[in-house]
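Novice: For chain A, the structure is supplied; the task is to place chain B on it using the hints.
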Amino acid sequence: MAFDTFSDPLLEFALVSSVVSLAATAALTLAVIAARLRLLYRLRIERGLTARWNPLIAECAERVPPTLPILVAREVEGFLVLWCRALESLRGHAQDNLRDMAKRLGVEARLRELLGSASLELQLLAIVCLGHLHEREVIPLLLELVREAPSVVSLNAARALMRIDATIAMPHLLEATASRQDWALAHVVPTFAEVDPTQVGPLLAAAVSTELFKEGRGTRAGGVARLLRLHVTAHGATLRPAVLEVLAASESPSTLVAALAALSHPDDIEHARRLLRHIHWPVRAAAAQALGRMGGAEDFAGLRDALSDANWWVRYRAAQALCALPGVAATELHDLARTLTDRFGADMLRQMLAERTAT
Amino acid sequence: MTWNDALVAAQWFFFIYFVAINLAYLAQNALAMLEIPKHIETRLLDLLPRAYSPYETPVSIIVPAYNEELTIAASVRSLLQLDYPEFEVIVVNDGSRDGTLQALLTEFGMVPYPEAYWRQIACAPVRSIYRSTKFPNLRVVDKENGGGKADAVNAGINAARYPLFCCVDADGILERGSLRRVVTPFLQDPHVIASGGTVRIANGCEVRSGFLEKVHLPSNLLALCQIVEYLRAFLFGRLGWSALNAVLIISGAFGVFRKDVVVAAGGYRHDAIGEDMELVTRLHLIHRLAGKPYRIVFLPDPICWTEAPESLKVLKSQRTRWQRGLGQSLLLNRALLWHPRGGAPGWLAFPFMIVFEWLSPLIEVGGYVFMALGFASGIISAAAFWTFLLLAFSLGTLLSMSAILLEEVSYHVYHERGDLLKLALVAVIENFGYRQLATLWRLQGLWQWVTGTGGGWGQMTRIANWQKGS
Chain A
1 MAFDTFSDPL
11 LEFALVSSVV
21 SLAATAALTL
31 AVIAARLRLL
41 YRLRIERGLT
51 ARWNPLIAEC
61 AERVPPTLPI
71 LVAREVEGFL
81 VLWCRALESL
91 RGHAQDNLRD
101 MAKRLGVEAR
111 LRELLGSASL
121 ELQLLAIVCL
131 GHLHEREVIP
141 LLLELVREAP
151 SVVSLNAARA
161 LMRIDATIAM
171 PHLLEATASR
181 QDWALAHVVP
191 TFAEVDPTQV
201 GPLLAAAVST
211 ELFKEGRGTR
221 AGGVARLLRL
231 HVTAHGATLR
241 PAVLEVLAAS
251 ESPSTLVAAL
261 AALSHPDDIE
271 HARRLLRHIH
281 WPVRAAAAQA
291 LGRMGGAEDF
301 AGLRDALSDA
311 NWWVRYRAAQ
321 ALCALPGVAA
331 TELHDLARTL
341 TDRFGADMLR
351 QMLAERTAT
Chain B
360 MTWNDALVAA
370 QWFFFIYFVA
380 INLAYLAQNA
390 LAMLEIPKHI
400 ETRLLDLLPR
410 AYSPYETPVS
420 IIVPAYNEEL
430 TIAASVRSLL
440 QLDYPEFEVI
450 VVNDGSRDGT
460 LQALLTEFGM
470 VPYPEAYWRQ
480 IACAPVRSIY
490 RSTKFPNLRV
500 VDKENGGGKA
510 DAVNAGINAA
520 RYPLFCCVDA
530 DGILERGSLR
540 RVVTPFLQDP
550 HVIASGGTVR
560 IANGCEVRSG
570 FLEKVHLPSN
580 LLALCQIVEY
590 LRAFLFGRLG
600 WSALNAVLII
610 SGAFGVFRKD
620 VVVAAGGYRH
630 DAIGEDMELV
640 TRLHLIHRLA
650 GKPYRIVFLP
660 DPICWTEAPE
670 SLKVLKSQRT
680 RWQRGLGQSL
690 LLNRALLWHP
700 RGGAPGWLAF
710 PFMIVFEWLS
720 PLIEVGGYVF
730 MALGFASGII
740 SAAAFWTFLL
750 LAFSLGTLLS
760 MSAILLEEVS
770 YHVYHERGDL
780 LKLALVAVIE
790 NFGYRQLATL
800 WRLQGLWQWV
810 TGTGGGWGQM
820 TRIANWQKGS
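Chains as they are written, first to last, in the numbering used here: chain A, 1 to 359; chain B, 360 to 829.
Chain A with its partners taken away, still in its complex shape (with noise of 0.2 Å):
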């Protein structure tokens, strides 16, 4: 029978067990009191840092004085948040003075050891202070960051890149944004906002040209929208002959919202006529926005027929763009909602007027 004695294999068994996990679990709590007083330690190094690089960071903003102190290897790497902290808050003069303070302080050979490190977190440190010191030793490896890496270290290094030089990066920069899906567009596009928009612009509608033909030939499909979702940081007439002749060549649904998106000429206003009787209720939904961003008292009747539309986004929009449309009373529209014998376009009408009143 077993469990009657300590000779049972079953019970040695547990008892040796017992004895392993009261163990471990010694050496767990061991463990965590280790980790306390590491955190302990580091952050009574990193309360004398602040205590003693704030100011100095400060006073370099304005002016760097002619002797610095030592910056020690522990100190390294809070002082680069630091730095880059002020250095992204400031601008112009200030941040000239906060590199000339860093690459006084020699901190460029040690970014490019952390570049080095086992660890991701100082390695993108030394990516994002490298940018900011517009390293151009640094360039090729950026670029091949960019091309190779996985998307935290490939983002920050297209950052840095374009920090360093943007008319460099740009083209790089374009083609990694069509070609690679890890990308969220909502990174992409302040690297893009950080260069002059008139810059941005003709380098942007080259890459949706040149994606425009890729897809085309079917070697890529997705890239021309995501390429004309950055028109947020282009100026439009320099991107203006690019998205015309996607409007005018595309068919895939998604390229031709994110072209809607970008068209801004009142010239252009007839592509968004058109398409406002798509198949695809999304391009439907994209051109009623657009009418109503440059449409006029035409659009109307365009418009009102939308409110009948078998899809809530784009009856949404239409009642939107109405709502936004110029030279068309507010009257009209209450006639309008009165009358219209489509009733979910009439309670999408009177959602959109309520909405006006309130704002």
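Certain hints may be false.
Unchecked claim - Covered stretches of chain A, as calculated for chain B (at least 3 residues, CB under 8 Å):
| # | stretch |
| --- | --- |
| 1 | 28-37 |
| 2 | 84-98 |
| 3 | 120-127 |
| 4 | 149-160 |
| 5 | 181-193 |
| 6 | 345-351 |
What the hints assert, rightly or not - Distance windows between CB atoms, simulated:
| # | chain 1 | residue 1 | chain 2 | residue 2 | range |
| --- | --- | --- | --- | --- | --- |
| 7 | A | Pro150 | B | Ala694 | 30 to 38 Å |
| 8 | A | Ala354 | B | Pro710 | 46 to 54 Å |
| 9 | B | His398 | A | Glu108 | 29 to 37 Å |
| 10 | A | Ala354 | B | Asp442 | 26 to 34 Å |
| 11 | B | Ala694 | A | Thr331 | 54 to 62 Å |
| 12 | B | Val787 | A | Ser119 | 33 to 41 Å |
| 13 | A | Arg36 | B | Asp630 | 41 to 49 Å |
| 14 | A | Gly218 | B | His398 | 33 to 41 Å |
Claimed, not checked - Quick partial rundown of chain A residues pointing at chain B, CB under 8 Å, derived from the structure:
| # | residue |
| --- | --- |
| 15 | Leu10 |
| 16 | Leu11 |
| 17 | Ala14 |
| 18 | Leu22 |
| 19 | Ala24 |
| 20 | Thr25 |
| 21 | Arg229 |
| 22 | Trp312 |
| 23 | Ala354 |
Don't read these hints as lab results, they were simulated from the structure. Even glycine gets a Cβ: it sits at the ideal position worked out from N, Cα and C.
Specialist: Below, chain B without anything else, positioned relative to chain A:
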């Protein structure tokens, strides 16, 4: 088979189950240890200023509310202050019998609004929709009681206008960056369909204007036990499964979903008790069977804090409901179990849930009773009895301590003097009564599920001490 053979077989059964369950938890722990560095290695960059772009996916925050008169205004105020570029807040008053609706109407200057309500998912009739005159991104959907939280959330999804929706409990306490953190996986991977984070216990904490200001441990022992329990459940439980894309639960207290995916799946089930788990398990099932690429992500970041029950009665009600919900979710989505396309959710997480979560109270209580009766009748020797109690205690403490270590090396939320000592003591004390009580309640929940008793909105008696200071 003789009595003796049967007894030996029973001993082996309980012993093997006991070893297996602890090995499974230790394996989860090891996975979590490997996974957590991925979540904390980019933290340094979070310290730098962040630029927003127009392509941060906008989010509809849905707050289902039933009899939340005391806390709803503060909760909504905090939600309106979240650090996120574009979001709307939709409070769904699910036929509350107290002054929840009036509190909202008065506090936020709500006016009736003729919304063209799009009923994409079935839900109880909507009485009226209100729009705030003070906050353009706040609406209230007043509906008839649909018998549960699921129905209220469905009504909110119908009113939502953005591609992502975030379901938040009316009593949830957030941090300003909570939404940004939980939406991040959607920006990084187009295949992400749901994301959730760690829920922590807010009892004892300082809360101002609905936001967590300072973390303190509570003085109530029951709440302290739940803190250690939540660390175990979230930090290594869900994080371990996340590494395998096999998370079967995104907490209903704070989770973000892609709206089109949830609408296509038919929304939350009206009759679901554990509607959060049921939906996530169903999403796995739908995507796995269709062979569609998808990811359901769990973030270990502490993004939502919630009030834990401080009385045995309320805690018991919560735990029995959770167990009923677990059984129902598993039964409704049983097609996932060992399905050829089931992957890690069907072949690992689902069987794990059945054996080590759903059936565990039955087997654990059976084991306790067997040991106690065996000891009393002399079948089991004193040495064996005490050795196995020691093993149960030591493994229980080991698992809790490893969760505390994970917490300390990652987020170290509890950093006041003495906090670690308190947590370590609780990791020991909880083995003497709390765990057994929780197991008994879960067994009761299992019984209720089998007999079909219980249901409806979970009634939680709010103390909300922090509201007094805000």
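Novice: Please name the hints from earlier in the document that this structure breaks, with their numbers sorted from lowest to highest.
Specialist: none
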